[in-house]
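Given chain G's structure and the hints, the job is docking chain U onto it.
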Amino acid sequence: KAGVTQTPRYLIKTRGQQVTLSCSPISGHRSVSWYQQTPGQGLQFLFEYFSETQRNKGNFPGRFSGRQFSNSRSEMNVSTLELGDSALYLCASTSSPGQGPYEQYFGPGTRLTVT
Amino acid sequence: AQSVTQPDIHITVSEGASLELRCNYSYGATPYLFWYVQSPGQGLQLLLKYFSGDTLVQGIKGFEAEFKRSQSSFNLRKPSVHWSDAAEYFCAVAEDYSSNTGKLIFGQGTTLQVKP
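Just so you know, the sequences run in chain order G and U. Okay, so the first sequence: first residue is 1 according to our numbering, each after it adds one. Okay, so the second sequence: first residue is 1001 according to our numbering, each after it adds one.
A portion of the hints provided could be inaccurate.
Listed next, with one range per pair, are the computed distances between beta-carbon atoms [said to hold, decoys possible]:
#1 G:T38 x U:I1060: 19 to 29 Å
#2 U:S1072 x G:K13: 39 to 49 Å
#3 U:A1001 x G:S86: 20 to 30 Å
#4 G:S86 x U:S1039: 14 to 24 Å
#5 G:T113 x U:D1054: 36 to 46 Å
#6 U:D1054 x G:R15: 47 to 57 Å
#7 G:G58 x U:P1116: 32 to 42 Å
#8 U:A1001 x G:T38: 17 to 27 Å
#9 G:G42 x U:L1056: 26 to 36 Å
#10 U:Q1002 x G:T14: 35 to 45 Å
#11 G:G58 x U:Q1042: 15 to 25 Å
#12 U:E1066 x G:T53: 34 to 44 Å
#13 U:Q1002 x G:T20: 27 to 37 Å
Which residues of chain U face chain G? A few of them, derived with a C-beta cut under 10 Å, are [unchecked claim]:
#14 Y1032
#15 F1034
#16 G1043
#17 I1105
#18 F1106
By construction, these hints were calculated from the structure, which means they are not laboratory data. Virtual Cβ for every residue (Gly too), placed ideally from N, Cα, C.
Only chain G is shown next, with the shape it has when bound in the complex (with noise of 0.2 Å):
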């Protein structure tokens, strides 16, 4: 099975625009998590979508949001980009979430450097 891909692997965005990152689960797998990788902060959750339902998010503000599609492939976007958007941008996609524990398999991300 082919895994977690992510695309694009590398951004160059300007404050102020808007950028849309994209994840594609591995086939079968129905949800779908995000996170924010920054040196100083570490790996902080932004959402899960499981069934094109959003069912967590994390801390973040809603220039923040996410969606997915019936086919299980997500998107994220980050509106009005601010320099402390820069980060490495993982997504993650899970087998069975809602019967028992389970693993999540990480794509290699996205690199988002905002200048």
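Okay, now just chain U, sitting in the frame of chain G:
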């Protein structure tokens, strides 16, 4: 609220030496615990997990971890480190499986350097 602490930010070991990376968690119920490894510029790879049962769990790449409820710890070990083990290691706890969400709480990470 759940939390994970990795007391060591940076560890250096010689190739062939043993390794132990510390992880302490704060969680009221039985925790679901994970260790992930991240090589530079890469995503996270799952090394091993603890859900229940035997407190000594085996993972990939020769790693193992021991769950000690009395110490709220889940330390990662490897008997003999290879140069390719140099990476950043993250301990994580699942926030709450009973609520059926996939949120992981991560520690700050430990960077492992391996000396030849």
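TODO: Would you list, in rising numerical order, the hints stated earlier that this structure does not obey?
DONE: Violated: none.
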